[in-house]
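> Residue numbers (my numbering), protein chains in the order written: chain A, 21 to 183; chain B, 136 to 370.
Watch out, some of these pointers could steer you wrong.
To be verified - Here are the computed distance ranges between Cβ atoms for each label pair:
| no. | chain 1 | residue 1 | chain 2 | residue 2 | range |
| --- | --- | --- | --- | --- | --- |
| 1 | B | Arg366 | A | Asn72 | 40 to 50 Å |
| 2 | B | Lys142 | A | Leu73 | 35 to 45 Å |
| 3 | B | Ser238 | A | Ala29 | 35 to 45 Å |
| 4 | B | Val301 | A | Gly128 | 48 to 58 Å |
| 5 | B | Arg268 | A | Gly133 | 21 to 31 Å |
| 6 | B | Gln314 | A | Tyr107 | 14 to 24 Å |
| 7 | B | Glu176 | A | Tyr58 | 19 to 29 Å |
| 8 | A | Leu90 | B | Val260 | 42 to 52 Å |
| 9 | B | Ser331 | A | Leu90 | 25 to 35 Å |
If you're looking for bench data, these hints aren't it; they were derived computationally from the structure.
For glycine and all other residues, C-beta sits at the position ideal for the given N, C-alpha and C.
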Amino acid sequence: MIKDDKRRAMLEKVLKEHDYQESALLEILHRAQEIYGYLDKELLMDISGSLNLPPSHVYGVVTFYSFFKLKKSGEHVVTGCLGTACYVNEVEQILEAIEQEFDLKRGGSTADGKLSLLLTRCIGACAMAPNIVVDYEVIGKATKELVIQKIKQALGGVKAETS
Amino acid sequence: MSTNTVKLKIDGVDVTAAEGTTILKAAKDVGIIIPTLCSLEGLTAYGGCRLCLVEVSGTPKLFPACTTPIGPGMDVTTQSDKLKEYRKIAVQLLLAERTHICSVCVADDHCELQAMANQLGVDHVMFERNWSREEIDSTHDFLVIDRNRCILCTRCIRVCDQIEGVHTLDLKLRGKDSQVIMDLDEKWGNSCSCTSCRKCAKVCPVGAIYVEGEPIEHTKKRDVAEFIVERRNRK
Ligand code: SF4
Ligand code: SF4
Ligand code: FES
Chain A
21 MIKDDKRRAM
31 LEKVLKEHDY
41 QESALLEILH
51 RAQEIYGYLD
61 KELLMDISGS
71 LNLPPSHVYG
81 VVTFYSFFKL
91 KKSGEHVVTG
101 CLGTACYVNE
111 VEQILEAIEQ
121 EFDLKRGGST
131 ADGKLSLLLT
141 RCIGACAMAP
151 NIVVDYEVIG
161 KATKELVIQK
171 IKQALGGVKA
181 ETS
Chain B
136 MSTNTVKLKI
146 DGVDVTAAEG
156 TTILKAAKDV
166 GIIIPTLCSL
176 EGLTAYGGCR
186 LCLVEVSGTP
196 KLFPACTTPI
206 GPGMDVTTQS
216 DKLKEYRKIA
226 VQLLLAERTH
236 ICSVCVADDH
246 CELQAMANQL
256 GVDHVMFERN
266 WSREEIDSTH
276 DFLVIDRNRC
286 ILCTRCIRVC
296 DQIEGVHTLD
306 LKLRGKDSQV
316 IMDLDEKWGN
326 SCSCTSCRKC
336 AKVCPVGAIY
346 VEGEPIEHTK
356 KRDVAEFIVE
366 RRNRK
């Protein structure tokens, strides 16, 4: 995807703005993700070379923050909150149900690329735990049934309403 | 140029050492050995294993000796029932975190974690064990990493960066999901920066990195970093 000249030119501008300083790594990763949507290995190798940073260091930083994405997300994104409150309120069971229902694994997407299931640390809505975010809508006090219905709606399956 | 010195007490012994010296080093210089796992002479301090915790009078807080600099008038205790209890817990947590089965480990009898457990009298693990099942990477010509035995001490990462100078290794993710990686999380055999110097295998305190088919006592050479650093700084 680096070959895409327009986006590479945008990235070059960002790198230049920061004078190729290694201390700007986080900011550059942010902007690179805005430009490309996600950070694949080719792009990370490019950034590692531009900032003269070891690839393993760049990879370590990227994977430290759940904000950064290594893979292209599906058209629709479901995010499960793994904060303590959600965890004790059994968000795990909902995640498992989503994985089964839509045949995907957390951190990954469905084979057709329509749906991704991501995890995050805490979205700060603990009073409503467990929380699941479907695209941009936060579903508080989530249940398996409710979430699966919401996802089906998002995917365009109107028939979900009748259940 | 004279450096400022600091006077303090360690286990009742009067100690004078240069400002900025760590408690660990100041103690060692007067023959007091504080238990450690992540610390290694010749590498920068990391402060990850918490074996080296010591008491400092006047505060209930415990301090890691390997990263805490000495202060004037400090009164440090390196051995007490409380510290022993904490150290035993630290070892048990390490044992519980991944899959440590000494009887089938290459490093059996040459393992610093095992030795530490013996030294402290850890005879059981009171925490529920988290049997990790990470795939073993043996794609390198002769180096193998079994992350199920890794205690995340980062010695390998530091020796690779600070002594070999290539920074092939780093940590990905965080907390209990952390793993030692090569480059962009490649298989070791595909690493574009590893020079196969095997220093990581030499310093690994456990059986996580080893040389295929070589008796572990030949591989381990935990003073390699100190040896190189001392000599290369001589003008
Ligand atoms: S063999 Fe040497 S270069 Fe390769 S990872 Fe180990 S320490 Fe680094
Ligand atoms: S592989 Fe060995 S040296 Fe490296 S972090 Fe794990 S235990 Fe420490
Ligand atoms: S030796 Fe100090 S924290 Fe590991």
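> Against each hint, give a clear statement of whether it holds in the structure.
Cross-check of the supplied hints:
Against the hinted window of 40 to 50 Å, the Cβ-Cβ separation of Arg366 (chain B) and Asn72 (chain A) comes to about 28 Å, which falls outside the hint. For the hinted restraint 35 to 45 Å between Lys142 (chain B) and Leu73 (chain A), the CB-CB distance of approximately 42 Å keeps it satisfied. Taking 35 to 45 Å as the suggested C-beta distance range, the pair Ser238 (chain B) and Ala29 (chain A) does not conform, at roughly 59 Å. At roughly 32 Å, the beta carbons of Val301 (chain B) and Gly128 (chain A) sit outside the given window of 48 to 58 Å.
Taken as a hint, the range 21 to 31 Å holds for the pair Arg268 (chain B) and Gly133 (chain A), whose Cβ atoms sit roughly 29 Å apart. Under the hint 14 to 24 Å, the C-beta atoms of Gln314 (chain B) and Tyr107 (chain A), about 22 Å apart, fit the expected range. Separation of Glu176 (chain B) from Tyr58 (chain A) is about 42 Å and departs from the stated range, judged on CB atoms against 19 to 29 Å. Separation of Leu90 (chain A) from Val260 (chain B) is about 35 Å and departs from the stated range, judged on CB atoms against 42 to 52 Å.
Between Ser331 (chain B) and Leu90 (chain A) the Cβ separation comes to about 27 Å, which falls inside the hinted range of 25 to 35 Å.
Checked against the numbered hints listed earlier, the structure breaks hints 1, 3, 4, 7, 8; every other hint is satisfied.
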